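J.: So you can see what is in the structure, the chains are spelled out below.
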Amino acid sequence: MTDPRTTEHDIYDPVLDTPPCYYRESADAHPPLDSPQYKSSALRHPKQPLIYLPQNVTEITGPQLSVRVTGELDNDLTRQHAGEPLGERITVSGRVYDTEGKPLRHTLVEVWQANAAGRYLHRWDRWPAPLDPNFSGAGRCVTDDEGRYRFTTIKPGPYPWGNHYNAWRPAHVHFSLLGRAFAQRLVTQMYFPADPLFPHDPIFNSVHDDAARERMISRLVLHESEPEWALAYNWDIYLRGPGATPFEESL
Amino acid sequence: MIYATTPSQTVGPYFAIGLPWPDGPFAVPADTAGAITISGTFYDGAGDEVPDYLLEAWGADGDGNYADLWDYAGPSKVPGFRGFARCAHEDGDGSYEFVTLKPAPVKLPSGVVLAPHLDANIFARGMLKHVVTRIYFADETAANAADPILASVPAERRETLIAKSTDNGYRFDIRLQGPGETVFFAV
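Note that the protein sequences, when read in sequence, are chains Y and F.
Using our numbering, the letters of the first sequence map in sequence onto residues 1 to 251.
Using our numbering, the letters of the second sequence map in sequence onto residues 1001 to 1187.
With the rest of the complex left out, here is chain F (with noise of 0.2 Å):
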């Protein structure tokens, strides 16, 4: 037998009495070794900065393992490395920022090979169900053009997708409705 999954509903305005945690931007120690910082803001459907809203980012580390428990990639070897950020703002200026580390290409079993990237969540008021997104980076120029994934996502939102490189990062703006709009994931 399958059991239907439970409905989803809005995290709602005041998400940030449960969900924040103190060190919930750091997938990783900040002093970790190739620590990065991605950052970015997020944009409504008028163009402007979403003032309250909950990010979190998935990936893998730098030799490609997860911080998870399953073999097929992991658990990472990182001391600290959590892989998991969680940016929860309640009152912002639309912008989020979180340290982890810049991820591996994954090879799958088949010998396929995925673009480094991290899966990202995004909840807000307003949303009724959170939307998924991919982060890429700006100087993977080669691993993304043979990523299947981007492959997929017609060529003119592709660069929705692409993290731009800073002085200490990447910068990832996530536009939910209208002119640029973000590329989101049915998972």
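Chain Y extracted, bound-state conformation (with noise of 0.2 Å):
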């Protein structure tokens, strides 16, 4: 085996870490696909058990393709028009880790939200909020060698959805992660402090566990914040790292 430090493509230490499988996570990690509270996901989700697969080469490699996709003002989502978007300015910071804590360096970190309205720039979302001709609302970057992210952007809305009567989501911003391998992948939302929505909505109380709808919450960090600027918002991400039982894995 070659030593990739030595290749041309040194810049992804991450390669010296695969593992040979990922941590096996508990049935409550994440939200059931069948939530009843949640009405869309009654047809969406499957009624057959899941079949265990065992971690092998296609699931614990994965797209190293984070430089090539992203561009310098990406990840400021409010520089991408002429004007300056509407609302209140903040940043969204954090690092991004594996369950032993250790930081992923250069993955690909994508985000989407509405405007300060609460409006989607999406044909889709048709309530009667405004849209901003200075905002759209989609951002990209790569974490840093210590596996640090940062987003400028405009603190989203909250905004009313059909769930049910008088449903509307906390304000959210969507973040998607590729991680270093395909077991990795993650699709999540990160929520602000304190929104007195939260225990109305179905999203965020499909997960379960108290402590964890907590890892959704990004926290305000003032001494992080740029003074007559921009609020900073932190918030870590954590994927699945290396697993314990690589037995149970092999073939």
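Errors might be hidden in some of the hints.
Said to hold, decoys possible - Under 10 Å between C-beta atoms, here's a sample of chain F residues computed to sit facing chain Y: (1) V1078; (2) H1089; (3) E1090.
Said to hold, decoys possible - Example chain Y residues on the side facing chain F (calculated, C-beta under 8 Å, incomplete): (4) A29; (5) P31; (6) L251.
The set of hints was computed from the structure by calculation and includes no laboratory data.
Computed from a prediction, not measured in an experiment: that's the story for all the values here.
Where a beta carbon is used, it is the ideal one built from N, C-alpha and C, also for glycine.
Reconstruct the complex from the two isolated chains, following the hints.
T.: Okay, here's the thing in structure tokens:
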């Protein structure tokens, strides 16, 4: 086996740490696909049990395309148009770790969100809140050598949806992470502290464990805020790390 | 110390703002020798086509190498081979289509040989976490018969994992729920 550090691909250090398999999470680590309070899950969950897939090379490898798909200003959602978007300017930053606490460097982080009025720039979003000509609501970046990501954006507004009478989503930013391996793939949502809509949202509450729900909520970090410019929210993301029982994965 | 993972949440109805890539469906440039098209339709539990969903596929090239830097089975030597396709539909007829290379069998150090396959993720509104399935190939009868993963699937459901040959590649329909429900895996 050649040492990847000596090849032209030397920026991808995580290759040195590729484990033989990834940690198997408990059944309640993620929300159940069958979540009756979230009505559109009714016809969109398998009824047959999942079949155990021993992890092998296809699962512990993954696309390494971070540099190719990101541009310099992709992580600043406030500078994608001629003017400044309306709303509360914020930074959202944090680190991407695995479950052993090891940062994932050079991994792709993609985000999308509503504008300050709670309206998405999407033709299916038709509730009567204003669009902002200076805000598209999409960004991407690649974590740095210490696993850090950072976005500058506008705090999204809450918005109504059709799940039940008078249903409103708490403000959130959608996150998509490729991780280092297929087995680490995660799409989730980042929430803001103490949102009064939390008790009423079936998507947030589809995660039944109190501590697990907390892991979706960012923190306001005043000392990282930029005076006279932007408040700072911090949110760390944990993807699956190395598994402890490779024997079960062997074929 | 083992930290707990961040929980999954649905991709929602508006992922098309952020997730489509212009070259998403091309895991390999279309003019690459041996490129195949894999297409299909994604159905919900009512048997209706799902107009908005995200499908991603990942697999090896025709030499069994991955677009990955780890030496176990990579990196791929095929120019432009990304090995990863992303189809992001916001308003479609339920169909998807991507271009890749047909993967070679994978021989494990133990001597076990895995039949050619791709892994696929599917995300959609109404799904709080993605589901994972595998795409095998109908013209690999002998390799499929010897594949330990297919062997672990109840015989009557195995067909849901096998893509049928078409003029330019393969067809792989996905049924999320109900009659003919596709096999999904816990990874």
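J.: Taking the hints in turn, state whether each one holds.
T.: Do the hints match the structure? See the list:
Restraint check, F/V1078 versus chain Y: the minimum CB separation of about 14 Å is more than 10 Å; hint violated. Proximity of F/H1089 to chain Y is violated relative to the hint, the smallest CB-CB distance being about 12 Å (cut-off 10 Å). The beta carbon of F/E1090 is positioned within 10 Å of a beta carbon in chain Y (closest approach about 7 Å), and the interface hint is therefore held. Here the hint on Y/A29 is kept, as its CB sits about 6 Å from the closest CB of chain F, short of 8 Å.
Interface restraint check: Y/P31 against chain F, minimum CB-CB distance 4 Å, threshold 8 Å, status holds. Below 8 Å, beta-carbon pairs count as interface contacts, and Y/L251 has one with chain F at about 5 Å; its hint therefore holds.
In this structure, the hints that do not hold are numbers 1, 2, in rising order.
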